[in-house]
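Number of protein chains: 4
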Amino acid sequence: MDEEIPQERKTFLARDYSRGFIKYCQFKAKVIERGYFQSTVAIEEHHRQQDGFIHAGVMATMADHTAGYSAFTTVSEDFQILTIEFKINFLRPAFGEALVCRSKVLREGGQIIISESEIFDIREGEAELAAKAMVTLMAVHRDKLVLKG
Amino acid sequence: MDEEIPQERKTFLARDYSRGFIKYCQFKAKVIERGYFQSTVAIEEHHRQQDGFIHAGVMATMADHTAGYSAFTTVSEDFQILTIEFKINFLRPAFGEALVCRSKVLREGGQIIISESEIFDIREGEAELAAKAMVTLMAVHRDKLVLKG
Amino acid sequence: MDEEIPQERKTFLARDYSRGFIKYCQFKAKVIERGYFQSTVAIEEHHRQQDGFIHAGVMATMADHTAGYSAFTTVSEDFQILTIEFKINFLRPAFGEALVCRSKVLREGGQIIISESEIFDIREGEAELAAKAMVTLMAVHRDKLVLKG
Amino acid sequence: MDEEIPQERKTFLARDYSRGFIKYCQFKAKVIERGYFQSTVAIEEHHRQQDGFIHAGVMATMADHTAGYSAFTTVSEDFQILTIEFKINFLRPAFGEALVCRSKVLREGGQIIISESEIFDIREGEAELAAKAMVTLMAVHRDKLVLKG
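Residue numbers (my numbering), protein chains in the order written: chain E, 50 to 198; chain P, 50 to 198; chain D, 50 to 198; chain B, 50 to 198.
Heads up, some of the hints might be wrong.
What the hints assert, rightly or not - With a Cα cut of at most 27 Å, we get these calculated DSS-like pairs of lysine-lysine:
#  : chain 1 : residue 1 : chain 2 : residue 2
1  : D       : LYS153    : P       : LYS153
2  : P       : LYS72     : E       : LYS72
3  : E       : LYS153    : E       : LYS77
4  : E       : LYS77     : E       : LYS59
5  : E       : LYS59     : E       : LYS153
6  : P       : LYS77     : E       : LYS72
7  : B       : LYS153    : E       : LYS153
8  : B       : LYS193    : P       : LYS193
9  : D       : LYS77     : B       : LYS72
10 : D       : LYS77     : D       : LYS59
11 : B       : LYS72     : D       : LYS72
12 : B       : LYS77     : B       : LYS153
13 : E       : LYS59     : E       : LYS72
14 : E       : LYS193    : D       : LYS193
15 : E       : LYS77     : P       : LYS72
Derived from the structure by calculation, the hints contain no laboratory data.
Computed from a predicted structure; not experimentally measured.
Here chain E stands alone, though its shape is the one from the complex (with noise of 0.2 Å):
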């Protein structure tokens, strides 16, 4: 995984990263490499739950999807992302005033792509393991992207 992807790519991946359901939680993409990808978020009350804590559904969706653009890099543009599947355990409360995710790839494939992805709890600027996910994922040609049913 020591290549390395073309700084335009990496442009389009980040911009990419937050559109839709994303923007509307605002992370943000910050660290593109081969097989790697981390993202971030400065926490607000609309992220939290009842008790304050950060809601498991702002982990869980960062770690989605930071580790789907993880392997985006790793197929050619031809080919979008699809999550198959993915599991998260939650280590520990999060609390922060930020979060960031790692996501790296674990296998790479022409279909079939498991990535795990970290979640840190930033506070006070320390880095908490917070929670844990692996997220299988396929590459799907564009044009075969049509799947329904």
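Got chain E sorted already, so can you dock chains P, D and B onto it with the hints?
Only chains P, D and B this time, still in chain E's reference frame:
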């Protein structure tokens, strides 16, 4: 699981369901029974991803949160519910006008509660199973909730 | 899923089910329908763990393998089924005289197939749900099976 | 996690590791540290499936059991470890002469312990990551172990 839960408790849970991130995501409680919770969301543009499909994170958040509230229906008011982990499979792309989530408790318990959630994609009124999750939850007494680290 | 599968195919799948590690574990096919597979095992001492409960690995192996064969019932003979991943929740300790596993396909597909397995602990003839698994499988054409690395 | 565990405890855990189903599967403890457990198995024909690959159930059982013992290294002798659930991804087919499993604790806790297991396929001495699991465990005091139903 055929005992009834008081109307007052139902009203509390229905309101409590839609706070913080969940309110931001516009999910709403629909049906509440002992060991069962149903929620819904009317899909807007900000729930979708770049290709127009409903984002996996929307479904994951809904599956997790609704499962948590199905667990809530089985414990007394002194307990809070935390998600330990969950796993979700995306069975078919979702692209309809609404989602409905049905969560039911598979295993009750004083501490560990297991629920499963089914997410249906509503397309012109027809419901299609789009995702299924298994969620491991923990009932924690309010007095012990601050379990940091 | 109401199409029938030929008796010849059923006989083949029933025999094929109990080979290698599965034969060593003494699991046997019981009921085969399109999109459904049921298996059983009579519990002996070597299926238990140190405290007398049936080992989680016995249930996990049974959930995985039987799910795989439920997928087998939906593809033609030219395809093999590989497990991409699975997740299993242990709902209650199992300690009975037999296990029964019921696997059904949740999502058919040319490549990705999702099944779920329920493991019942048989105690003096009564069946108690002991574990539940979700299994992601892949149909691979026999000619492409040697996918190393 | 840099505290040492007594040699006597290590000896106990190494022996305790290989009982019942695990003995039947011929898995053996190899390295024991606080928060870490390593096991191995020499592959025989009965560990394989119909196509000659090592059966997913062998890897799942090893991932689960070894994770459980990594948790054991973090609790006192009065506690037993139960698996609540686990999820395993099969990254590459395994077909070598041995498997090695390395499990480490991601989150310690008085009750809930999270470990991850990596299974390496040993092929002519070279180790290839073949599977990875996340395991949710529960420490239960021996006196409370009989939690039926």
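Each hint, compared with the structure:
no.: 1; hint: LYS153/D to LYS153/P; verdict: holds (19 Å)
no.: 2; hint: LYS72/P to LYS72/E; verdict: holds (17 Å)
no.: 3; hint: LYS153/E to LYS77/E; verdict: holds (17 Å)
no.: 4; hint: LYS77/E to LYS59/E; verdict: holds (13 Å)
no.: 5; hint: LYS59/E to LYS153/E; verdict: holds (15 Å)
no.: 6; hint: LYS77/P to LYS72/E; verdict: holds (22 Å)
no.: 7; hint: LYS153/B to LYS153/E; verdict: holds (19 Å)
no.: 8; hint: LYS193/B to LYS193/P; verdict: holds (21 Å)
no.: 9; hint: LYS77/D to LYS72/B; verdict: holds (22 Å)
no.: 10; hint: LYS77/D to LYS59/D; verdict: holds (13 Å)
no.: 11; hint: LYS72/B to LYS72/D; verdict: holds (17 Å)
no.: 12; hint: LYS77/B to LYS153/B; verdict: holds (17 Å)
no.: 13; hint: LYS59/E to LYS72/E; verdict: holds (18 Å)
no.: 14; hint: LYS193/E to LYS193/D; verdict: holds (21 Å)
no.: 15; hint: LYS77/E to LYS72/P; verdict: holds (22 Å)
In terms of the numbered hints stated before, the structure departs from none.
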